[in-house]
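Order-wise, the sequence lines are chains A and B.
Numbering-wise (my numbering), the first sequence opens with residue 1 and increments by one.
Numbering-wise (my numbering), the second sequence opens with residue 115 and increments by one.
No wet-lab data here; the hints were simulated from the structure.
Careful, some of the hints might be misleading.
What the hints assert, rightly or not - Only some residues are given here: those of chain B computed to face chain A with a beta carbon under 7 Å: (1) G141; (2) F142; (3) Q143; (4) A148; (5) S153; (6) P154; (7) F158; (8) Y199; (9) D202; (10) R203; (11) L207; (12) R211; (13) P223; (14) T228.
Claimed, not checked - Simulated DEER-style distance windows between Cβ atoms: (15) C127(B) to T65(A): 42 to 52 Å; (16) F176(B) to D17(A): 35 to 45 Å; (17) H106(A) to S129(B): 35 to 45 Å; (18) G69(A) to S129(B): 45 to 55 Å; (19) E16(A) to N175(B): 29 to 39 Å; (20) N167(B) to R60(A): 29 to 39 Å; (21) Q45(A) to N167(B): 41 to 51 Å; (22) R60(A) to L117(B): 31 to 41 Å; (23) L117(B) to H106(A): 26 to 36 Å.
Just so it is clear, CB atoms sit at the ideal spot from N, CA and C, and this is done for glycine as well.
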Amino acid sequence: GDSVTQTEGQVALSEEDFLTIHCNYSASGYPTLFWYVQYPGEGPQLLFRASRDKEKGSSRGFEATYDKGTTSFHLRKASVQESDSAVYYCALSDPGANTGKLTFGHGTILRVHP
Amino acid sequence: GALVYQYPRRTICKSGTSMRMECQAVGFQATSVAWYRQSPQKTFELIALSTVNSAIKYEQNFTQEKFPISHPNLSFSSMTVLNAYLEDRGLYLCGARLGLGSYEQYFGPGTRLTVL
Numbered sequence: 001g002d003s004v005t006q007t008e009g010q011v012a013l014s015e016e017d018f019l020t021i022h023c024n025y026s027a028s029g030y031p032t033l034f035w036y037v038q039y040p041g042e043g044p045q046l047l048f049r050a051s052r053d054k055e056k057g058s059s060r061g062f063e064a065t066y067d068k069g070t071t072s073f074h075l076r077k078a079s080v081q082e083s084d085s086a087v088y089y090c091a092l093s094d095p096g097a098n099t100g101k102l103t104f105g106h107g108t109i110l111r112v113h114p
Numbered sequence: 115g116a117l118v119y120q121y122p123r124r125t126i127c128k129s130g131t132s133m134r135m136e137c138q139a140v141g142f143q144a145t146s147v148a149w150y151r152q153s154p155q156k157t158f159e160l161i162a163l164s165t166v167n168s169a170i171k172y173e174q175n176f177t178q179e180k181f182p183i184s185h186p187n188l189s190f191s192s193m194t195v196l197n198a199y200l201e202d203r204g205l206y207l208c209g210a211r212l213g214l215g216s217y218e219q220y221f222g223p224g225t226r227l228t229v230l
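Using the sequences and the accompanying hints, generate a full structural model.
Next comes the structure, spelled out in structure tokens:
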């Protein structure tokens, strides 16, 4: 079945540091890839998505590029802020099935210190 | 923008009792609604997918008998947790999709279920 692997369980940074959260996927066909962010007490919020190879998604300074060759969709941000502290989830949806089912990674807790 | 509301935000029930939770899409028509449970360890489990004009599809380990879902129109869905026990605790999330050709899924804030 489909799966998403996030390498980092937790990341601790200082403000203005560079962020990378690694995401690799395994799926049949050509999945759509997502990054979601979840703040305490809230549901996941969609950051952005990408649907084809080399497509870049971006929002609020975060970006990720769909790489079919390495089956990756790594999240990056050049300069993090304390307000970016949250849990980040990489997810995929297989458009071939068109079911709307999302497969999530286990999430990465980001803590940014002032 | 697309908004998804869930009610109640928090609920506590005694072991063996049942509770019902609701999901409302505002500002758009949700052609499909997915119910997830987020465990205390933060992982997501898909419970079931409800797509307009199709039967509700439950994932392995989840059944209609335990988690009956109603999806009467394109903006509202409800799910009941019957005979709740400790292992049913968690954050129940509703994800609504705008259209069959849309891949984005928008989530509500969730209903947090505590079982005593």
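Run through the hints listed earlier and report the numbers of any the structure violates, in increasing order.
Of the numbered hints given earlier, those the structure breaks are 1, 2, 3, 5, 6, 8, 9, 10, 14, 17, 19, 21 and 22, listed in rising order.
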